[in-house]
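Given chain A's structure and the hints, the job is docking chain B onto it.
Number of protein chains: 2
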Amino acid sequence: MTTNKQIHLVSRPTGEPTTSNFALIEAAVPELQEGQVLVKHHFMSLDPYMRGRMNDGKSYAVPQPLNTVMGGGTVGEVVDSKNPTYKAGDKVVGMGGWQQYSVVNANAPGALRKVDTAHIPLSAYLGSVGMPGVTAWYGLIKICTPKAGETIVVSAASGAVGSVVGQLAKSRGCRVVGVAGGADKCGYVVNELGFDACIDYKAHADAKSLYEALKEATPDGVDGYFDNVGGPVLDAVLSRMNAFGRMAICGMIAGYNGEPIPLKQPQLILQSRLKVEGFIVSEHMEVWPEALKELGTLVATGKLKFRESVAHGIESAPEAFMGLLKGKNFGKQLVKLV
Amino acid sequence: MTTNKQIHLVSRPTGEPTTSNFALIEAAVPELQEGQVLVKHHFMSLDPYMRGRMNDGKSYAVPQPLNTVMGGGTVGEVVDSKNPTYKAGDKVVGMGGWQQYSVVNANAPGALRKVDTAHIPLSAYLGSVGMPGVTAWYGLIKICTPKAGETIVVSAASGAVGSVVGQLAKSRGCRVVGVAGGADKCGYVVNELGFDACIDYKAHADAKSLYEALKEATPDGVDGYFDNVGGPVLDAVLSRMNAFGRMAICGMIAGYNGEPIPLKQPQLILQSRLKVEGFIVSEHMEVWPEALKELGTLVATGKLKFRESVAHGIESAPEAFMGLLKGKNFGKQLVKLV
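Those protein sequence lines, which keep their order, are chains A and B. Residue numbers for the first sequence follow my numbering, beginning at 6 and rising by one. Residue numbers for the second sequence follow my numbering, beginning at 6 and rising by one.
These are computed hints drawn from the structure, not numbers from a lab. Source: prediction; values computed, not measured. Be a bit skeptical, because a hint or two may be false.
Heads up, the list lumps identical chains together, so a pair's fine if it works in one copy or across two of them.
In silico lysine-lysine, DSS-like type, Cα no more than 30 Å apart, as pairs [said to hold, decoys possible]:
{"no.": "1", "residue 1": "K298", "residue 2": "K207"}
{"no.": "2", "residue 1": "K96", "residue 2": "K298"}
{"no.": "3", "residue 1": "K298", "residue 2": "K310"}
Pulled out of the complex, with its shape left as it was, chain A reads as follows:
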């Protein structure tokens, strides 16, 4: 009998999660039923949205139930199948969760998808050619609607989403300015990803200093902002928005103890006639085929670069996740399981 190590959520964090919120469980892999597939996970995805799901309150995502496997995206290999569509050796993307193996009812729509690994590395299907990539594509293309010559700003610019936003905007002829934490990340964003500039928010302790740096980097103002963080960065960019600017709201950090961080100057939404729109990519499945086609082609041809932070072993997942929430990762955070 194969043992399946899993991470369960056993209590809900208040503020930052700690290792005590999680437990490592050893379960048995059950017998396959007709239609089911057994997937051995190669990589698990760790994503900021998972923190929201750990709360019990009203949010867009259904709360993660306690004492069950943490949910999340996975890529892996079919090792056993009672489903005619899948055979051992197939590489697949799914929502297998924080565990080594998953048993999937592969006939359920969207449960499992075979992927080509000849030109695209398997892990990329959790990043640039997966949910984070489509998130970037939707918010940029459908909300920020970039036009050549415009200025686009993106926060968490070296991350799984931000890095794709910036490169897609560059490919559409925009001036692209990133915001990231630390000189290393900013250097990567400019030198490797080809952004026009990147602002290290950690180097600007107060709002005025951050605003001045942004002003210098965006001499013609800002036409589109892809927001992954909210808070002081959002305040600063809001002050630089041009008339009729667009803001895609994709992520919002909270203040200490999970308190919301107020938006300082909401009157600018009126004064600059802005459109501000929050979105969740899983509610826009209609764009996935078009987005994945562009993202897959760009990655396969080396035109879309990405970076990964890889933790090793299922046991490392809680610690890696806590690091992700503090920005300790550099690029897409993965856990490698094989």
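Same frame as chain A, now just chain B:
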């Protein structure tokens, strides 16, 4: 020689305007040049946007220059004409400003428009069938996109814009909830205008109380919000927004000393996947014909009700304007000049 009494802006207010910011000037009406028309104003419009124009800083409107006639909408009668399109006796709408007469280069596009007063009172062209009415129409129809059965909330509900928003939303089968200041205004909004409910924000000193009143009035949440005020009312409505709700941002009061009032929970824009859009109706001239046609028909047939606060005489304009900013008016604020 005809004397033309005018109100000039002579200094810029800090915070609330005072009478000392204005001066009454007596000027001569100049000789008409070829193409010009002399209009005797019957009514002047006083509108909240004028306060923004009194500032010198960055705003959407060009600042009102000092020591010239305050700009603003007017309706009146042609009393002399050197333009073949206009003759004495024609009733016209224009931007004549705070004065008794204006000389208009009537060939300039949009400078003057003849109106029918057989079925629509002349003053209505400054209200429900004018800029405030089209403002209501644009924000409601184009941004809030109301569907039958949805709940629409509008602030400053008894005012020139809010009263039209609510009645248009009712005509489209929505549940409509107003927010207004005082029992009189709320009674009018429900009993005369036909809103389903109205919340007197003055009866709710703290945020929790205001939220609870709003919750009771919007048992199914809020799908569209037309915001004329910002501040605590915006915070309260934001907390009641349903997923995929739309917020049209049309007006924002400031705090003491003109300081912006922060938005307390911007993360709700993401959590509820909202679209928040600021707009200025003068930038959407393409909708005016369609909007004015509907509004004119509704007023002419008695289906769109409105109320006016009328001050008398050009000298009363500064005081009436200061009252408008404090919500002392009840319905559209006008100054009657004849």
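Do the hints match the structure? See the list:
For a Cα distance limit of 30 Å, the shortest separation of K298 from K207 qualifies neither inside one copy, at 36 Å, nor across copies, at 55 Å. Only within a single protomer do K96 and K298 lie at most 30 Å apart by alpha-carbon distance; the minimum there is 18 Å, versus 61 Å between protomers. For the homomeric pair K298 and K310, the shortest alpha-carbon distance inside one copy (16 Å) is at most 30 Å, but the shortest distance between copies (54 Å) is not.
Hint compliance for this structure: hint 1 alone is broken.
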